[in-house]
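> Protein chains in written order, with my numbering: chain A, 6 to 337; chain B, 6 to 337.
Keep in mind the hints are simulated off the structure, nothing from the lab.
One or more hints might be untrue.
Copies of the same chain are indistinguishable here, so a pair counts whether it falls within one copy or spans any two.
[As the list claims (entries may be wrong)] Dumping the calculated DSSO-like pairs for lysine-lysine here, alpha-carbon to alpha-carbon at most 27 Å: (1) Lys126 x Lys90; (2) Lys110 x Lys309; (3) Lys317 x Lys111; (4) Lys110 x Lys158; (5) Lys158 x Lys137; (6) Lys313 x Lys9; (7) Lys313 x Lys117; (8) Lys9 x Lys137; (9) Lys208 x Lys137; (10) Lys9 x Lys309; (11) Lys292 x Lys217; (12) Lys137 x Lys313.
There are 2 protein chains.
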Amino acid sequence: MEDKILLGHGSGGLLTHQLIEEVFMPAFGDSPLKTMDDATLLNVEGHIVVSTDTFTVNPLFFPGGDIGKLAVNGTVNDVAVSTGKPLYLTVGFVIEEGFPIADLKKIVMSMKEAAERVGVKIVAGDTKVVEKGKADGVYINTTGIGIYEGLGKLASEPIKPGDKVIVSGPIGDHAATIMINRENLGITADIQSDCGPVVDIVKKALEVGGVKWMRDPTRGGVGTTLNELVLGRDFGVLLFEDSIPIRDEVRGISELLGIDPLYMACEGRVLLVVEEDMADRVLEAIKGLPEAKDSAIIGEIEDKHPGKVRLKTRWAERFVPMLPGQQLPRIC
Amino acid sequence: MEDKILLGHGSGGLLTHQLIEEVFMPAFGDSPLKTMDDATLLNVEGHIVVSTDTFTVNPLFFPGGDIGKLAVNGTVNDVAVSTGKPLYLTVGFVIEEGFPIADLKKIVMSMKEAAERVGVKIVAGDTKVVEKGKADGVYINTTGIGIYEGLGKLASEPIKPGDKVIVSGPIGDHAATIMINRENLGITADIQSDCGPVVDIVKKALEVGGVKWMRDPTRGGVGTTLNELVLGRDFGVLLFEDSIPIRDEVRGISELLGIDPLYMACEGRVLLVVEEDMADRVLEAIKGLPEAKDSAIIGEIEDKHPGKVRLKTRWAERFVPMLPGQQLPRIC
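Hey, can you work out the whole structure from these sequences and the hints?
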């Protein structure tokens, strides 16, 4: 087999079939993919949760993960925080001509591992090849399908003042890792992406009860995600700066680059709004999971400034709007 | 609003929200998309058919369609030929920085029209923006979900010698259109892409009965698609060159470019294998649809050369292998 991707690997003909046989089958071979059909038959009963995301992260490989791991967990997490039990994933590759097949194999094996870890099957795929200079290595779309399990698991009470906001770990690890590994800044820091599944955290929190809302703060960070929560609603969020877990390294990078860590993407964290009197129990429960051991209550719902997110610092309070511009493109 | 796509439109922050409000909502606004959630809840009972495809066609606009129309019909057709009733579509955009928002609006409106024509809802979306020179305008992934309806509709008998191969119209229109509109060849021809849905053709054929297999001959064309049918099976296909509908313009282009029309992609045709004694009835039935009026029986199943596709010309017979190299990249 060639060692680089050729345009012919996207022809739909012989080279495409070879690529499927030699790269995709070893990773996804026990799935319906092996029929090489254009569509896949699945057995699903009831309500399903569907989510789609395209990943264009640069660099493709970074401490803590790669685009393959990110593409699986990113979509799996979107399904999970919507109280779907993730079951199936489709994968669409856009590959740049000349991309090393060895790198593609690494990415595909990462996807296999990430999918197996959360019990998700990769059930359909597609590969397109574009000319050199018309992509940047590889872009991956994943679309996830899960069974909706929220009914009876999410608290039925509406969100109200006093409810607590929990984050499942330090914020900004992913964005900070991408930033210093991408820009040639000469910054070295002992930090890696938090890229990983939030499936077990979500499950544990729902078991305890009192959870009213969940979301993973990816692009746009905690600041933007909480703005999406309060947009047009009759409540706001008050964050306590001192309570927000941030690694020293991430804070340092954010200060060096002049970027508010509240806008720095996480890829393995979940934000939860929990009933006031259940918050401590949810917090304790999820802290038992290694990936959520640094969880913290970082704020609460308030009715003082509906539709707004505010940050209370040691000395003052300020509004946190949605991320206004572009931080760094292709963080995910 | 800006008139060109900025990197910030992919930030997940304020500009992304503006893009959703001003470009995507007017087209897909009556869908669950409007909640701007990261996942969508759907009600689906039974077996579902799932298919994914990324579209990188160049040029983005061509006679007979554009990348938006293609992206909807391409995936809808994959679901339909798998005897799924297409219901839902997710959409993932990768957009190059600087892409005109007016063009994006045109593409999105094409998607809306194509989806409405076949009664499919666009239920989830994602937009990424990459730096200028890291894509070629826009790439679109669509993932389709349909309800499986094949049980009891596909003939239960296995494929056997004597079964007929039907194509629902002239082959190669899409590829020929893309080729002459892309390469600066100075060829003008009154031809347009066949890009369109095969949903009604499939429905009509299944109503008549005797259909054993269906597939849309896109990338790799009729030649490659039939090779996929016979691969590893105990039968082959014999095609009759004189029976294969090809427009004079397409034949002319294929001769000028030295490309076998059997490898030229269609985007609105379906290949069917039908029981011998039902073939004429299926043919007559689908010919009643305007998009299939030039349908023809183009070959039959044979056991003489298992696993092979052969072409009988006026003077000789030859094997038709899978498309061996690359015809023209980014045909779809």
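> Does each hint fit the structure? Answer for all of them.
A quick look at each hint next to the structure:
Taking identical chains as interchangeable, the C-alpha atoms of Lys126 and Lys90 lie at most 27 Å apart whether they share a chain (12 Å) or sit on different chains (23 Å). For the identical chains of this complex, Lys110 and Lys309 are neighbours neither inside a copy (53 Å) nor across copies (39 Å), given an alpha-carbon limit of 27 Å. For a Cα distance limit of 27 Å, the shortest separation of Lys317 from Lys111 qualifies neither inside one copy, at 44 Å, nor across copies, at 45 Å. When the C-alpha separation of Lys110 and Lys158 is checked against a cutoff of 27 Å, the pair qualifies neither within a copy, at 39 Å, nor between copies, at 40 Å.
For the homomeric pair Lys158 and Lys137, neither the shortest alpha-carbon distance inside one copy (49 Å) nor that between copies (45 Å) is at most 27 Å. Taking identical chains as interchangeable, the C-alpha atoms of Lys313 and Lys9 are never at most 27 Å apart, the minima being 50 Å within one chain and 29 Å between chains. Taking the closest pair of Cα atoms, Lys313 and Lys117 never come within 27 Å of each other, the shortest separation being 41 Å inside a single copy and 33 Å across copies. Proximity of Lys9 to Lys137 under the C-alpha cut-off of 27 Å is found in both arrangements, the shortest distances being 12 Å within a copy and 24 Å between copies.
Taking the closest pair of Cα atoms, Lys208 and Lys137 never come within 27 Å of each other, the shortest separation being 43 Å inside a single copy and 41 Å across copies. In this assembly of identical chains, the alpha carbons of Lys9 and Lys309 never lie at most 27 Å apart, being 59 Å within a copy and 38 Å across copies at closest. In this homomeric assembly, Lys292 and Lys217 come within 27 Å of each other (Cα to Cα) only inside a single copy, at 19 Å, whereas the closest approach across copies is 55 Å. For the identical chains of this complex, Lys137 and Lys313 are neighbours neither inside a copy (45 Å) nor across copies (34 Å), given an alpha-carbon limit of 27 Å.
Going down the numbered hints, you'll see the structure goes against 2, 3, 4, 5, 6, 7, 9, 10 and 12, while the others check out.
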